[in-house]
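**Q** On the provided structure of chain A, position chain B as indicated by the hints.
Number of protein chains: 2
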Amino acid sequence: MRVRVHPLPLDPLPSAEVMMVVDVIRATSTAVMFLEAGAGALWLTASLEAARALRQNGELLAGEVGGLRPEGFDFGNSPREALGAELKGRTLIHATTNGTKAAHKAAQVAREVLLASLLNAPSAVRLAASLGREVAILCAGKEGQVGMDDLYTAGVLAQGLVAEGFEPVGDGVQIALHLAQKPALPVLRASEAALALEREGLGEDVDFCARLGFSERVPRLLERRGEALIFG
Amino acid sequence: MRVRVHPLPLDPLPSAEVMMVVDVIRATSTAVMFLEAGAGALWLTASLEAARALRQNGELLAGEVGGLRPEGFDFGNSPREALGAELKGRTLIHATTNGTKAAHKAAQVAREVLLASLLNAPSAVRLAASLGREVAILCAGKEGQVGMDDLYTAGVLAQGLVAEGFEPVGDGVQIALHLAQKPALPVLRASEAALALEREGLGEDVDFCARLGFSERVPRLLERRGEALIFG
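Respectively, the protein sequence lines represent chains A and B. Here the first sequence is numbered in this note's numbering, starting from 16 and rising by one per residue. Here the second sequence is numbered in this note's numbering, starting from 16 and rising by one per residue.
Since the hints were derived computationally from the structure, they do not count as laboratory data. From a predicted model like this one, the values you see are computed outputs, not experimental measurements. For glycine and all other residues, C-beta sits at the position ideal for the given N, C-alpha and C. It cannot be assumed that every hint is accurate.
Quick list of in silico lysine-lysine cross-link-like pairs, DSSO-like style, CA-CA up to 30 Å [claimed, not checked]:
#1 K197(A) / K197(B)
#2 K116(A) / K103(B)
#3 K103(B) / K116(B)
#4 K197(A) / K103(A)
#5 K103(A) / K116(A)
#6 K197(B) / K116(B)
Some chain B residues near chain A, calculated using beta-carbon distances under 8 Å [unchecked claim]:
#7 Q160
#8 D186
#9 E207
The following block holds chain A by itself, in its conformation from the complex (with noise of 0.2 Å):
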């Protein structure tokens, strides 16, 4: 059983039978919430305008522009206001660009795509080591630059999947390993991801991003329509 750390979705992404995708401020912990908060399923795609066009009957809409709930959207991409929301059994449709590319990566090369965080690592560890053998955790990065704040949670599910017996290999899951020694909330705060939020005001999100174990949803992709990745 081994576990691997991908800093940043550069070609080529070597396969493993089960990947984990880390956006962690705050796309994949925005995920986590939507389906805590009852949703249905939530349909993952790379633009507003994709979302917009995936909207038929009821689907529920959110994203961001510059860390805000965009026109004529439902939801921006904050965990908090997700956790607040009653969402039973409603279907979420969820812009993200550096999340849905990571994701649509693993698609290509993983069996099972599981999207992880802070807030659902340890059951994210659990299911990840039920479905396989071969575990690799692959950061969404920003714009194309390695995240600080992903990486960190990298390392956080790495010791998760070391402590259940798998071993470590390559670099990326060692530098995460080293990073993940240090208390998650000073290390997220420090990250660029960070810093642009709390320059919106939204530093109130990073914070929630850092409870650890905070729900036990783990979406997990179930299929793939047109552009859109679907998790339940």
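**A** Only chain B this time, still in chain A's reference frame:
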């Protein structure tokens, strides 16, 4: 005064006044030792063929195939071997894939390009700080993957620049600074680059590459001649 770290030479590479290129196991460590041993100039080329083609009269060839000295070459890519050589005034043509690729990218976006390693880290930091106010550290990586050995060395260089009053900017430098809090030898030895050398019986080179401040020589890009980058 600001310092950034790029964990990989990805496009587009942001510009900087001074860029320090790191391929610590072993290209930039060996380059430093060639100058330390008295070489008058060091030509970096991306392939063995390019190195052979550039030899005109009396230049020495260095390079590697699977860690070892290629047929017809004077040196492998070993800093220990370079240390023992008498190279007074000689020109070395040094073929190295990842290091040369990174140096070419650096040369496109920076006014000054230096080769850095742990061996020359204190001197490289002083020279970089004297040459500009915007310094970037570019990790060569291994075949497009982030190398823990390079990122660790980048962290040590960044520590030195921070001590000189530079502000660390971006997630790359923060990840590197966290990593550089560890002792050098165990981190370097655990890297994939080191494990590959160990398998070839060249583990002593890794220990040599970890000797902080062994040399005061800092290869500095002087000019470009065709596909070769000339350092002195």
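**Q** I'd like to know which numbered hints this structure contradicts. Please list them from smallest to largest.
**A** Hints 2 and 4 not satisfied by this model.
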